[in-house]
Amino acid sequence: MPKTILIVEDQQVLREIIKEYLLDEGYWVLEASGGRQALELFEEHEIDLIILDIMLPELDGWSVCRRIRKKSNIPILILTSRSDEDDTLLGFELGADDYVVKPCSPPILLARTKRLLESRHIRDSEDTLTGGAIMLHLPSRTIMVDGKLGSLTHTEFEILAYLLNNKGIIISREQLITRIWGYDFAGDDRTLSSHIRNLRSKLGDHASRIVTVVRSGYKFEDQP
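Under full-length UniProt numbering, the first residue of the sequence shown is numbered 1, with each subsequent residue one higher.
Be careful, since some hints might not be right.
[Stated by the list, open to error] DMTMM-like, lysine to aspartate or glutamate: derived pairs with alpha carbons at most 20 Å apart:
{"#": "1", "residue 1": "K3", "residue 2": "E25"}
{"#": "2", "residue 1": "K148", "residue 2": "E118"}
{"#": "3", "residue 1": "K148", "residue 2": "E58"}
{"#": "4", "residue 1": "K114", "residue 2": "E44"}
{"#": "5", "residue 1": "K71", "residue 2": "E44"}
{"#": "6", "residue 1": "K3", "residue 2": "E46"}
{"#": "7", "residue 1": "K102", "residue 2": "D127"}
{"#": "8", "residue 1": "K114", "residue 2": "D48"}
{"#": "9", "residue 1": "K148", "residue 2": "E31"}
{"#": "10", "residue 1": "K70", "residue 2": "E93"}
{"#": "11", "residue 1": "K202", "residue 2": "D146"}
{"#": "12", "residue 1": "K102", "residue 2": "E118"}
{"#": "13", "residue 1": "K102", "residue 2": "E16"}
Bear in mind the hints are in silico, worked out from the structure with no lab data behind them.
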């Protein structure tokens, strides 16, 4: 069944261009020109990914992202003309998974979209990954910490799953970036650092299981 993508963009011309590229790839597309309309469509439809502009009428993209994250870990790709570092980090703190700065190449945007959608399907022979009191259930993409259900964004889930799959092994920052965002990633190390920081905060007392290895990368340890 085709994946459904919601484009939230107030510039009609750009929205139509993105839509045509997605339709050509076989996706189903929903459109919203403002934040409130985006939230309405999110509630009414099963959506697989959201391409979300920041500067929107009525309700900005930050607010939309924040409200959706309270209910879903659906992949969110921020589309913005604002390339300031603080804006980018704010997006990740609110739960965005990736971002593209306008003006952008539609093929690049399409590639990033595909990457996010494909990475939701972790190919592993087991249904669960565990590390101490942390358990990831892959089919439902849920996390349990100390027996309590938690919530991770798409990217946080991918990072933790990769580390759990390689417990005790040092994974370089370059390996993680390539695994999560692909070889064409346009960001920098601060993007990964922001996601790691958010992930640790959600692990609570078990945050120290994700170990930073200076000048090398990260590893997950069963014993904090």
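Hints and how they fare:
| no. | hint | verdict |
| --- | --- | --- |
| 1 | K3 - E25 | holds (10 Å) |
| 2 | K148 - E118 | violated (28 Å) |
| 3 | K148 - E58 | violated (36 Å) |
| 4 | K114 - E44 | violated (23 Å) |
| 5 | K71 - E44 | holds (13 Å) |
| 6 | K3 - E46 | holds (9 Å) |
| 7 | K102 - D127 | violated (39 Å) |
| 8 | K114 - D48 | holds (11 Å) |
| 9 | K148 - E31 | violated (36 Å) |
| 10 | K70 - E93 | holds (13 Å) |
| 11 | K202 - D146 | holds (12 Å) |
| 12 | K102 - E118 | violated (23 Å) |
| 13 | K102 - E16 | holds (15 Å) |
In terms of the numbered hints stated before, the structure departs from hints 2, 3, 4, 7, 9 and 12, listed from lowest to highest.
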